[in-house]
Amino acid sequence: MNRPAMTVGELARRIGGRCEGDEGAWVHAVAGIREAQPGDVTFVVNRRYAADVARTRATAVIVAEAWDRPSSATLIRVENPDAAFAKAAELFAPPPPPDPAGVHPTAVIGEGVEMGEGVGVGPYAVIEAGARIGARTVISAHVYVGHEAVIGCDCRLYPHVSIRERCRLGDRVILHNGVVIGSDGFGYVAAPNGVRTKIPQLGIVVVGDDVEIGANTTVDRARFGRTVIGCGVKIDNLVQIAHNVVIGDHSVIVAQVGIAGSTTVGARVILAGQVGVSGHLEIGDGAVVGAQSGVSKDVPPGSVMLGSPAIPMDRFKRIHAYTMRMPEFRAELENLARRLDALEARLRGTG
Amino acid sequence: MNRPAMTVGELARRIGGRCEGDEGAWVHAVAGIREAQPGDVTFVVNRRYAADVARTRATAVIVAEAWDRPSSATLIRVENPDAAFAKAAELFAPPPPPDPAGVHPTAVIGEGVEMGEGVGVGPYAVIEAGARIGARTVISAHVYVGHEAVIGCDCRLYPHVSIRERCRLGDRVILHNGVVIGSDGFGYVAAPNGVRTKIPQLGIVVVGDDVEIGANTTVDRARFGRTVIGCGVKIDNLVQIAHNVVIGDHSVIVAQVGIAGSTTVGARVILAGQVGVSGHLEIGDGAVVGAQSGVSKDVPPGSVMLGSPAIPMDRFKRIHAYTMRMPEFRAELENLARRLDALEARLRGTG
Amino acid sequence: MNRPAMTVGELARRIGGRCEGDEGAWVHAVAGIREAQPGDVTFVVNRRYAADVARTRATAVIVAEAWDRPSSATLIRVENPDAAFAKAAELFAPPPPPDPAGVHPTAVIGEGVEMGEGVGVGPYAVIEAGARIGARTVISAHVYVGHEAVIGCDCRLYPHVSIRERCRLGDRVILHNGVVIGSDGFGYVAAPNGVRTKIPQLGIVVVGDDVEIGANTTVDRARFGRTVIGCGVKIDNLVQIAHNVVIGDHSVIVAQVGIAGSTTVGARVILAGQVGVSGHLEIGDGAVVGAQSGVSKDVPPGSVMLGSPAIPMDRFKRIHAYTMRMPEFRAELENLARRLDALEARLRGTG
Numbered sequence: 001m002n003r004p005a006m007t008v009g010e011l012a013r014r015i016g017g018r019c020e021g022d023e024g025a026w027v028h029a030v031a032g033i034r035e036a037q038p039g040d041v042t043f044v045v046n047r048r049y050a051a052d053v054a055r056t057r058a059t060a061v062i063v064a065e066a067w068d069r070p071s072s073a074t075l076i077r078v079e080n081p082d083a084a085f086a087k088a089a090e091l092f093a094p095p096p097p098p099d100p101a102g103v104h105p106t107a108v109i110g111e112g113v114e115m116g117e118g119v120g121v122g123p124y125a126v127i128e129a130g131a132r133i134g135a136r137t138v139i140s141a142h143v144y145v146g147h148e149a150v151i152g153c154d155c156r157l158y159p160h161v162s163i164r165e166r167c168r169l170g171d172r173v174i175l176h177n178g179v180v181i182g183s184d185g186f187g188y189v190a191a192p193n194g195v196r197t198k199i200p201q202l203g204i205v206v207v208g209d210d211v212e213i214g215a216n217t218t219v220d221r222a223r224f225g226r227t228v229i230g231c232g233v234k235i236d237n238l239v240q241i242a243h244n245v246v247i248g249d250h251s252v253i254v255a256q257v258g259i260a261g262s263t264t265v266g267a268r269v270i271l272a273g274q275v276g277v278s279g280h281l282e283i284g285d286g287a288v289v290g291a292q293s294g295v296s297k298d299v300p301p302g303s304v305m306l307g308s309p310a311i312p313m314d315r316f317k318r319i320h321a322y323t324m325r326m327p328e329f330r331a332e333l334e335n336l337a338r339r340l341d342a343l344e345a346r347l348r349g350t351g
Numbered sequence: 001m002n003r004p005a006m007t008v009g010e011l012a013r014r015i016g017g018r019c020e021g022d023e024g025a026w027v028h029a030v031a032g033i034r035e036a037q038p039g040d041v042t043f044v045v046n047r048r049y050a051a052d053v054a055r056t057r058a059t060a061v062i063v064a065e066a067w068d069r070p071s072s073a074t075l076i077r078v079e080n081p082d083a084a085f086a087k088a089a090e091l092f093a094p095p096p097p098p099d100p101a102g103v104h105p106t107a108v109i110g111e112g113v114e115m116g117e118g119v120g121v122g123p124y125a126v127i128e129a130g131a132r133i134g135a136r137t138v139i140s141a142h143v144y145v146g147h148e149a150v151i152g153c154d155c156r157l158y159p160h161v162s163i164r165e166r167c168r169l170g171d172r173v174i175l176h177n178g179v180v181i182g183s184d185g186f187g188y189v190a191a192p193n194g195v196r197t198k199i200p201q202l203g204i205v206v207v208g209d210d211v212e213i214g215a216n217t218t219v220d221r222a223r224f225g226r227t228v229i230g231c232g233v234k235i236d237n238l239v240q241i242a243h244n245v246v247i248g249d250h251s252v253i254v255a256q257v258g259i260a261g262s263t264t265v266g267a268r269v270i271l272a273g274q275v276g277v278s279g280h281l282e283i284g285d286g287a288v289v290g291a292q293s294g295v296s297k298d299v300p301p302g303s304v305m306l307g308s309p310a311i312p313m314d315r316f317k318r319i320h321a322y323t324m325r326m327p328e329f330r331a332e333l334e335n336l337a338r339r340l341d342a343l344e345a346r347l348r349g350t351g
Numbered sequence: 001m002n003r004p005a006m007t008v009g010e011l012a013r014r015i016g017g018r019c020e021g022d023e024g025a026w027v028h029a030v031a032g033i034r035e036a037q038p039g040d041v042t043f044v045v046n047r048r049y050a051a052d053v054a055r056t057r058a059t060a061v062i063v064a065e066a067w068d069r070p071s072s073a074t075l076i077r078v079e080n081p082d083a084a085f086a087k088a089a090e091l092f093a094p095p096p097p098p099d100p101a102g103v104h105p106t107a108v109i110g111e112g113v114e115m116g117e118g119v120g121v122g123p124y125a126v127i128e129a130g131a132r133i134g135a136r137t138v139i140s141a142h143v144y145v146g147h148e149a150v151i152g153c154d155c156r157l158y159p160h161v162s163i164r165e166r167c168r169l170g171d172r173v174i175l176h177n178g179v180v181i182g183s184d185g186f187g188y189v190a191a192p193n194g195v196r197t198k199i200p201q202l203g204i205v206v207v208g209d210d211v212e213i214g215a216n217t218t219v220d221r222a223r224f225g226r227t228v229i230g231c232g233v234k235i236d237n238l239v240q241i242a243h244n245v246v247i248g249d250h251s252v253i254v255a256q257v258g259i260a261g262s263t264t265v266g267a268r269v270i271l272a273g274q275v276g277v278s279g280h281l282e283i284g285d286g287a288v289v290g291a292q293s294g295v296s297k298d299v300p301p302g303s304v305m306l307g308s309p310a311i312p313m314d315r316f317k318r319i320h321a322y323t324m325r326m327p328e329f330r331a332e333l334e335n336l337a338r339r340l341d342a343l344e345a346r347l348r349g350t351g
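Chains as they are written, first to last, in our numbering: chain R, 1 to 351; chain X, 1 to 351; chain A, 1 to 351.
Source of the hints: derived by calculation from the structure; they are not laboratory data.
Mixed in with the good hints, there may be bad ones.
Going by beta-carbon spacing under 7 Å, a handful of chain A positions derived as facing chain R [as the list claims (entries may be wrong)]:
| hint | residue |
| --- | --- |
| 1 | Tyr-124 |
| 2 | His-160 |
| 3 | Glu-332 |
Computed from a predicted structure; not experimentally measured.
Glycine included, each C-beta is placed from N, C-alpha and C at the ideal position.
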């Protein structure tokens, strides 16, 4: 665990920043602003943590050019503290664990499996007949790759990932532990007495290039045709993508979102955590849906939606504010009724 | 990948339909109405896709008898387009991958395990001592079957399924990748200082015949006695079923639903996506609960519920409609107040 | 499956209770009050089940000292029926399945792995180089332990658990099937065109002593530093804990909760099922958040919150009650308007 150490000045130079304070102090690790100890470098972007900057024990703090709060630590001013800190974190990071070198002797490789150069396959991985694995892809321990599945180059499948038969991944795809690609969609024909008969799920899942999918997320195969995850899409943990869903390029799906069957999500859409989307809908390009919302209608491109059922966010906020004032409205209503009673009584008297 | 091809006329005959258009054209695959190419057959049920029928590139479209919209494709009229298309999809489907033939040499089979005729066990499956597996059941790669678990005939357990000790599955049960049956229920005794002591979870899970459970869904074993999934129940992905829950026959539980401990769900109930149900409740037979609802009270048989907390759907819709008009009510309230002010001022003048 | 049998009198003595009825009757199993058969002992705490006590077929029922309802069964009065029943259930429970004895020959153990006395490792477990496993810990079949991970003493990792590199578990930790510890956090730098670049997730997860984590729950590693699960924390199934979250000691996180990045949850907090918590928040010690709530602001210590967005529960209940009366308010508003119309008309006449 030999980690690099460097002076704050050297660090500032390597992350493209400007020092204010002791350039000669040594730093050897990154840490959060509250946990940081002497020898650590930390950073701050969110103004919520401004008070912490004053009292941090860190040796150095990465801040934005315009930062104007005091600190006992040396400041490193940069254009983008978030990105600069990411660079610093990489400089000090322990090396990643080694990938499996070649195919582990315990891996079970089916007939006719094709593997590109430099593929690593971990212990107890199972790759079924006819699958194709692109160059430099890492198939970790306990991964299951089904019959005739196609996986691109430079992918990384973490332990316990399952890819069902005939599904296809692009290049540079990352699947975290326990991801399931290509399980059967949830489809039945219901008899009048409620008994359901399974509809065969004959399609596949196609995952584009540069996709990352979080731990234990599930993506169902199409009833027929394809469930599609576009290029550059990032999906968090425990997300459910139903059969025949299409997700456009570079969309972001946060943890525990569920998207029902045959819905089309546009490009660069953001679905925040725990959002639910009904089936057979269209979410337009660039739309943003706030956390826990329930989308039950098509969403126009570029909209910002909130609530269950989801409505435009500014409308949601206005209605929510009124709703929070319900007790007050109730009191006003009673007050008006009393004033009317009085008026009516008086006019009855004068009538 | 030799797939069958046939003429539209032949297809119509095999799915029990009636042709309108070129009966001699060849089709060799199924596809969604928007993705379809020449040579594909597609279908339409939902009127949302009516416009797509006009411009589809498909060679043939399966429609209902009463369909009255134009299309350049050959139409195949059937009584039930959904069911007919399912048949067509099966006719053109690639053959499913072969099941494991017999017990893979790497499978670890405990002492006294009993297996019926024609059981297939994939590589690296582990079946613990005393388990019983019914005839023709498929235990895929990486499946774990615990001690004395009992699995019926003609079941299919996909890779990475876990069955804990003593749990029991009926016949024709399908468990998708990553399903966990029989994990400990979530039960503790809390001391006044907040420290919790685990309550042993000594019961089991009993799953009826013809049940299908989706990927990464979890079903906890009973604290004592049984957690029960009735016959014909269909459960989607990422669902949580807590200890001692009982689900009646032929109920449908959509993705990401959570049911808390000791709740009884009746027969033919439908819980839509992301519904949460509190513990110790009864959901009556045939009830339907809309997506994202939160059920905090017993639900009478046959009710249709919505909202969090859930109320009868028609009431939810009426209240929701009023809530959406809050800004307008607020304006009316202010208008009434102004009119009253004016009246009072005037009467004060005449008083 | 030789299970112990004893008289009700003997059982009462062993669980510290007092008999009312036939002390000599034999009991040999525990069961729920509705499922119980002759020969079973059951219990009741919740008054909801009072009617069931009268008609139970159980031989004995464990009740509180103050219980005053009739029953044909023998009653065993105890101070704490819940705890007493737990003891009874343990007395009658079938023995747990045997743990793996030593390291299974199929387990793949990396270089330099250190294991304490009495560690059990199941078939096809993979423990990567440099990992350390404390005494008496059980690593079940198909578990993956990453490079340099550290696991304490007396832990139990059920099948298909994944621990990524360098993460650390305390003593007596229980991880149920499919738990993922240390998957990458969900962090990207977004370019103006929406293309996202992965931010390396360089930190780890640290899990305290006496923690239990439910099936298929995911805990992401920190972007840098640590994601922390405090001592005695109990987490249910299918929960998502994002990067850099800190959970204080003895908190309880119910099924399907999601906690976004960098949020700090205090000690002895209870988050009920399906709660969502936004990122960068602080939930104070002892706070309770009701089911399906969405927490979007800091929560003061000891608060009880409900709703999405979450507000103090008593306020939520008041506003909710008013909201349910919206149709009535609407009618009152219309009534007032009519009365005002009448008054104005009359005054116009007299004006």
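Checked hints:
Evaluation of the Tyr-124 of chain A hint against chain R yields a held restraint, the C-beta minimum of about 5 Å falling below 7 Å. With 7 Å as the threshold, the beta carbon of His-160 of chain A comes within range of chain R, its nearest partner Cβ sitting at about 6 Å, so the hint holds. Contact between Glu-332 of chain A and chain R, as hinted, is supported at the beta carbon level, the nearest pair being about 6 Å apart and thus within 7 Å.
Violated hints are absent here; each numbered hint is respected by the structure.
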